[in-house]
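*Asks:* Below are the chains, spelled out letter by letter.
There are 2 protein chains.
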Amino acid sequence: MEALGRHVLLELRSCNPASLDDLPLLEGMMLRAAEETGATVIGKIFHQFSPQGVTGVVAIAESHLCIHTWPEFSYAAVDIFTCGENFDPTEAARLIIAGLESSDAQLTEIDRGVDIVPVATPV
Amino acid sequence: MEALGRHVLLELRSCNPASLDDLPLLEGMMLRAAEETGATVIGKIFHQFSPQGVTGVVAIAESHLCIHTWPEFSYAAVDIFTCGENFDPTEAARLIIAGLESSDAQLTEIDRGVDIVPVATPV
Numbered sequence: 015m016e017a018l019g020r021h022v023l024l025e026l027r028s029c030n031p032a033s034l035d036d037l038p039l040l041e042g043m044m045l046r047a048a049e050e051t052g053a054t055v056i057g058k059i060f061h062q063f064s065p066q067g068v069t070g071v072v073a074i075a076e077s078h079l080c081i082h083t084w085p086e087f088s089y090a091a092v093d094i095f096t097c098g099e100n101f102d103p104t105e106a107a108r109l110i111i112a113g114l115e116s117s118d119a120q121l122t123e124i125d126r127g128v129d130i131v132p133v134a135t136p137v
Numbered sequence: 015m016e017a018l019g020r021h022v023l024l025e026l027r028s029c030n031p032a033s034l035d036d037l038p039l040l041e042g043m044m045l046r047a048a049e050e051t052g053a054t055v056i057g058k059i060f061h062q063f064s065p066q067g068v069t070g071v072v073a074i075a076e077s078h079l080c081i082h083t084w085p086e087f088s089y090a091a092v093d094i095f096t097c098g099e100n101f102d103p104t105e106a107a108r109l110i111i112a113g114l115e116s117s118d119a120q121l122t123e124i125d126r127g128v129d130i131v132p133v134a135t136p137v
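The listed protein sequences derive, respectively, from chains U and P. Start counting at 1 in the first sequence, then tack on 14, and there's your number in the numbering used here. Start counting at 1 in the second sequence, then tack on 14, and there's your number in the numbering used here.
The hints are simulated quantities; they were obtained by calculation from the structure and are not laboratory data. Treat the hints with care, as some may be off.
Claimed, not checked - Stretches of chain U that chain P covers, calculated by requiring three or more beta carbons in the stretch to come under 8 Å of a beta carbon on chain P: (1) 22-31; (2) 76-87; (3) 117-131.
Note that CB positions come from ideal geometry on N, CA and C, so glycine has one too.
The following block holds chain U by itself, in its conformation from the complex:
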């Protein structure tokens, strides 16, 4: 079975709630998770909500990383989509879990674009 992409979904409970409301910390952590594991960042958007919570999306040449935080629940939803062999989404996931000090993390990996047949095969 071949897949075009790997999509990792992280359910991060019991995080450090202060970190979940700290935009500069989250932005630095997400960029490091991308760059230290071999991704090439092509853009980012981070937004602080009132009274609390942060949304961050990082576009990478290998696809994307996104985070949405609920400090009031010590919870963050993260997803990491990658294609190609250069970037390991589970390694990025480990850096994010550690960065948020989550003591109750669930990782689900979903293959995307499985066994896709080319539109036209060269003759």
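Knowing the structure of chain U, use the given hints to seat chain P on it.
*Replies:* What follows is chain P alone, placed relative to chain U:
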């Protein structure tokens, strides 16, 4: 069962391959999918790959929409993450499926942050 977010994953096969390599078309489609279904756009990043393919991420006040395309396979991977009641991800999904003329679309909805308990309950 209560969830903080709804995460819709779209596997879009048999799309119009020309559309999948048309950055302005994809950017307009994704922004319309957000705005016409009640989301508030807070930022966007779209990137054209060489020789083909586009990555787009749209950050919204209700979370995000992302698309990654493989024109050579007539395939696109989309995900739409929403929180709150104002924005229906399945309606946005329908607009994207129609926009890409996918004749083989698979939608998977995953609840995120299910039955989360607040960190501190008011007394």
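*Asks:* If a hint holds in the structure, say so; if it doesn't, say that too.
*Replies:* We went through each hint and held it up to the structure:
A stretch counts as covered by a chain when three or more of its residues have a beta carbon under 8 Å from one of that chain; for the stretch 22-31 of chain U and chain P the count is 4, and the coverage holds. Figure legend: the stretch 76-87 of chain U, annotated as covered by chain P; annotation consistent (7 residues with Cβ-Cβ distances under 8 Å, at least 3 required). A stretch counts as covered by a chain when three or more of its residues have a beta carbon under 8 Å from one of that chain; for the stretch 117-131 of chain U and chain P the count is 5, and the coverage holds.
Comparing the model with each earlier hint shows no violations; every hint is respected.
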